[in-house]
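Listed here are the chains, written in short residue letters.
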Amino acid sequence: MRDVVAYQLRLAAPLFIFFAVFFVAPLLLLVWVSLHTDATMTALGAAQYVRFLSDAFSLSVLGSTLWLGVEVTLLCLVLGFPIAWVYVRSPGGWQTVLILIVLLPLLTSVVVRTFAWIVILGRQGIVNTTLISLGLIDVPLKLLYTEGGLVVALAQVQMPLMVLPLITALQRLDPSLGNASNSLGAGHWRTFFRVTLPLTAPGIVAGCLLTYSAAITAFITQTLVGGGQRVFLPLYLYQQALSLSNFQFAAAIAIIFLIAVLAIVAAFHALGRLTRGYAQA
Amino acid sequence: MARRRDLDTVSFYATVSVLTGLGLVLLIAPTLVVLIVSFTSGSSLRFPPPGFSLKWYAALGDAWQIKAAAWNSVEVALWTTVLSVLLGVSASLAIARSRSATAHVLDSLFMSPLVLPALAFGLSALMFFSLIGWAVSPLTLVLGHTVVCVPYVVRTTVGALTQLDAALLEGSASLGAGRWYTFRRVTLPLIRPGILAGGFIAFMSSFDNIPVSLFLRGADSELLPIRMWQDLDNRLDVTIAAVSGVWIAFTAALMIAMERFASLSRRLR
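So the sequence lines, in the order shown, correspond to chains U and B. Heads up, this note's numbering is the position in the first sequence plus 37, with the first residue counted as 1. Heads up, this note's numbering is the position in the second sequence plus 6, with the first residue counted as 1.
Just so you know, these hints were derived from the structure itself, not from any lab. Please note: incorrect hints may appear among the correct ones.
[What the hints assert, rightly or not] Straight-line distance between alpha carbons at most 25 Å, and here's what the computed SDA-like set of lysine to any residue pairs gives:
1) 179(U) to 56(B)
2) 179(U) to 81(B)
3) 179(U) to 144(B)
4) 61(B) to 160(U)
5) 179(U) to 239(B)
6) 179(U) to 238(B)
7) 73(B) to 144(B)
[What the hints assert, rightly or not] Derived coverage of chain B by chain U (criterion: at least 3 residues anywhere in the stretch with Cβ under 8 Å from a Cβ of chain U; other residues may be distant):
8) 45-55
9) 59-65
10) 94-103
Ideal placement from N, C-alpha and C gives every residue a C-beta, glycine not left out.
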């Protein structure tokens, strides 16, 4: 019997046309612009890409952006997994409280969240005043505009993206598996690493993908908490485009950025397929 | 044996508690700190504040620039939400329960703005609009925002549609109700919470958007997040904490309402 809930595919036409005009066409134009060697757009060539790939500064910006994503993702995983683990074992009322705590940062404005980190990490911020009043330090530490501060701030901003898929994965896990492992003599740690972790791998991969791509593209938090000294790809793109009006080079940066993100998404998807096979085996 | 078992249990639960505690503090602290600082009686962002007062909230009454920027942002976010819901719900109906390869490709296409760097899209949209001769304006802003906000509506609506019990619609059809009548009286009421949740997230993310707005806003239309971002870069002033306080209060109230009427948290996974 025909599924009466299935509608004709042509209902997707308005959004498809909208995306073709305002999303795909601009991206194709971006590729076209990036393939020009001069500002007047007369000569075609890959000069902008050669310039990026042969410039030590540009490559270091690319490298530090990709590395920043790794640091943030790992921190989110280490703190997010226990939250999800506690969530699925909590009674209903606590689950609501926990989920609202997790969701609050997701829906609170990025500017507001980033502003909070400026207040926390600043010279007169909560961390420095606490350390000074405890007598641990005499002069305020420089926390703002450091990589460590940025990683912590980004981890808070992106944490919900990690926790939500982990909760879904943990809820699908049959609790009797853990009990069986325990009653057969495996301790909590062994059960966690040999049963829980492998079986929730698809959720971990999904969470890492979302966290990673959000962390490396988080322009606002990167510029405000990282400060101007640390340049990551989004700021580099923005400076070249709007401050220097170097649109061809900015377009090439954008394309390299897009390719990097797509490669990472593809890698995570491949990993996801692998772990799904493992989790079902 | 028993000793080793104890050590195992104690160390496991200790680690989980410490990490969960750290994670929760990390999630809550920033919001709490902003709220506390916004009630300071002093004139700096020192924490803890020297005393408490409402003077920075009172000062918002005269901050006409911020109010104008906030109003512009609300207007753009409202239009973006309307456009996203119209386009997104219609597309979701088409792709949600279809197993065809086309539907699968369309789904990936509609979701792709979520992972691609928004700044790269903003730049490309600016180039595109200048190529076709459209000056940046509130219109280009709404169009750009819709591209990055529509995925949220599609995701929650497709989610609601796939959970729909087909027997209800078959029942309605077999009792003689036409397609449109079934849609209006059965399908729509059942997927409404999903649409509501998606529209809400689309609204919030449009209101908060900076990467796309930076490229597509006109010179005359100031937007609240951009205004705050620039203020944070130049001078730190407590007015921003008060604006943030109002923003957090609105978000929390809407979020609780959405959790109540549209089980928001279930739809975000």
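Status of the hints after comparison with the structure:
1. 179(U) to 56(B): Measuring from Cα to Cα gives roughly 23 Å; hence the hint holds.
2. 179(U) to 81(B): violated, 40 Å
3. 179(U) to 144(B): At roughly 41 Å apart (the allowed maximum being 25 Å), residue 144(B) and residue 179(U) break the hint.
4. 61(B) to 160(U): holds, 24 Å
5. 179(U) to 239(B): Holds. Residue 179(U) to residue 239(B) sits at ~17 Å (cutoff 25 Å).
6. 179(U) to 238(B): holds, 18 Å
7. 73(B) to 144(B): holds, 17 Å
8. 45-55: holds (count 5)
9. 59-65: violated (count 0)
10. 94-103: Holds, because 8 residues of the stretch 94-103 of chain B bring their Cβ atoms closer than 8 Å to Cβ atoms of chain U.
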